[in-house]
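K.L.:
Order-wise, the sequence lines are chains A and B.
Numbers 2 to 339, taken from this note's numbering, label the letters of the first sequence in order.
Numbers 2 to 339, taken from this note's numbering, label the letters of the second sequence in order.
Calculated from the structure, these hints are not laboratory results.
These figures come from a predicted structure and were not determined experimentally.
Some hints here could point you the wrong way.
One copy or two, it doesn't matter: identical chains are merged, so the pair holds either way.
Unchecked claim - Result set (DMTMM-like, lysine to aspartate or glutamate): computed pairs, CA atoms no more than 25 Å apart in a straight line:
hint, residue 1, residue 2
1, K116, D226
2, K60, D309
3, K116, E248
4, K116, D278
5, K116, E104
6, K60, D106
Protein chains: 2
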Amino acid sequence: MGAVVPLRESRSEPASIQNLVDLTGSGMEAVNQLILSKAGSNVDLIPEIARHLISSGGKRLRPMLTLAMADLFGYAGDGHVGLAASVEFMHTATLLHDDVVDESDMRRGKLAARKLWGNQASVLVGDYLLGQAFKMMVDVGSLEALRILASASAVIAEGEVMQLGAAQDIETTEERYMQVIEAKTAALFAAAAEVGPVLADAGDEARSAARDYGMALGLAFQLVDDALDYGGSASDLGKDIGDDLREGKITLPVILAIRRGEASDRAFWTRCLEDRDVREGDLAHAISIMTATGALADTVARARAFGDEARAALERLPAGPHREALGEAVDFCIARLS
Amino acid sequence: MGAVVPLRESRSEPASIQNLVDLTGSGMEAVNQLILSKAGSNVDLIPEIARHLISSGGKRLRPMLTLAMADLFGYAGDGHVGLAASVEFMHTATLLHDDVVDESDMRRGKLAARKLWGNQASVLVGDYLLGQAFKMMVDVGSLEALRILASASAVIAEGEVMQLGAAQDIETTEERYMQVIEAKTAALFAAAAEVGPVLADAGDEARSAARDYGMALGLAFQLVDDALDYGGSASDLGKDIGDDLREGKITLPVILAIRRGEASDRAFWTRCLEDRDVREGDLAHAISIMTATGALADTVARARAFGDEARAALERLPAGPHREALGEAVDFCIARLS
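If we strip away everything but chain A, and leave its shape as in the complex, we get (with noise of 0.2 Å):
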């Protein structure tokens, strides 16, 4: 019957991240400078692309997520401002040097960087924030701030590459997917997380608790993300819907539909992904195969689930205003869905 999946739930309050976006208010007026200030250059492409980039309405939730977490364990000095807006370069680089991958045309409903400069000066231009974020990190000083985002920069790359590796390959596992959307989205969102307490000098419990928040926060968001990609509206997410079939991307709805489809879909995917022919009337069919299969709902379902760590890991983290903002972070992430 294909009933439609609820991907819009009716709910009393829209989840929000206002108080969130209050309580790091300050701190992010003085990220977004340090931002600009860095993204600056002598070499005029530099901070028009940059500023191309970070003035395009990204929401800037991994450096509150910086903030927060140093808010949240008292901290008083103001390195974490430096590393919520190296945490940002991190990001930044990784879009431009994504979009160049992934050949994509649109980023956050405006041209892709690469359509408007070349793929030559998105590659470089990501290098130069690259470096840029590595120096804002050193003038902090911390050196194990610098180990957890150092060690996040090879890990995003590792699971762009395994990415690439996995793309326009149906047999892609469950397993492999989580392995590749923990590398490429989820270790940025652990690591923007662990920094703050990491600065406060919480101690491990206290690390560890914020690690966890945010690796299922990222992973919630990312399966979001690839729901999205079956479900929202062109206009509400800021790029195309269909672009993971038509870049033969393998996420989750995709490989649960492929699972639970009939063997007659098989070739149908096979044509999509693997020989990268997607037609007129492709995407539809595709979301009523994902739609029939449960596989769009269950990776609703996953993204929930992984909702609901992130909460229990904020258990673990001390009570108050910067926890209760985080709390709502997480349904906000879900609520992109509804």
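Since the structure of chain A is already known, use the hints to place chain B on it.
P.N.:
Same frame as chain A, now just chain B:
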């Protein structure tokens, strides 16, 4: 008349880096071990590509600088091994990204990684190596060395972006060219040399002398490279002669040839470098203009002058076999022309 530039000078003894190789031998063995282990990953593609590059016979000049400079100041720890490996990883990451940006087909006489594994993998494996480089630096634990190498990382990318902006613009000035090669090449030589005395805690004057040596050596090295692109042979160089002409790169030989050449040559340079329309016989014609105008000879002379600067900087360092060997490295870089 177009007299042939004496690129080949007769010498009684050919310049060699054998003494530098011998002095840093045991350290370089440790560096090579570390490089191989840190180029590993569970993601198959990463060690495959990394080893392709790492085993493809680079001279490892940069990490040898780090080892020799640390030894010269009697450094007794093993941090120089980690920093030397980091420097080589930074260099390797740059090569991977450069080949993508330049659309190069060959690297050190082998097919470029991007031709074997694609641009996407080259971008991402470069990112991975950069992340691993920073992790190794953190393991060494010197924030000051981290600062120097992180700065170099940003400056290199800045230089590459600057070069991209100058490419295909025959109005590029000599000053702009010098800025580009200082950033994209010499900055890493300078950083590789400077971290030696930093590790050994040898004081500001030692740092500054080591840095000046590396910077001047790097400038000489790049000038020689740019001259060789119009005067070496493909088999010596491991890359195709004439690459720079085909890629529209504005190097010193070109800048001098344009400035000193006939007005009637401008159309030729515009067609080759700005319109990227390089035809049969154009390389020979370019070389004949460069020879007639003394553009190649003066590029070589400029390289020699920076070689003299590098040797002068060495005079500010403690005498001994390491200083001796570093002096021979200057001759070696310039003797690639002979």
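K.L.:
Evaluate each hint against the coordinates.
P.N.:
Outcome of the hint check:
{"no.": "1", "hint": "K116 x D226", "result": "within (23 Å within a copy, 32 Å between copies)"}
{"no.": "2", "hint": "K60 x D309", "result": "within (22 Å within a copy, 53 Å between copies)"}
{"no.": "3", "hint": "K116 x E248", "result": "both (16 Å within a copy, 21 Å between copies)"}
{"no.": "4", "hint": "K116 x D278", "result": "both (22 Å within a copy, 24 Å between copies)"}
{"no.": "5", "hint": "K116 x E104", "result": "both (9 Å within a copy, 17 Å between copies)"}
{"no.": "6", "hint": "K60 x D106", "result": "within (20 Å within a copy, 40 Å between copies)"}
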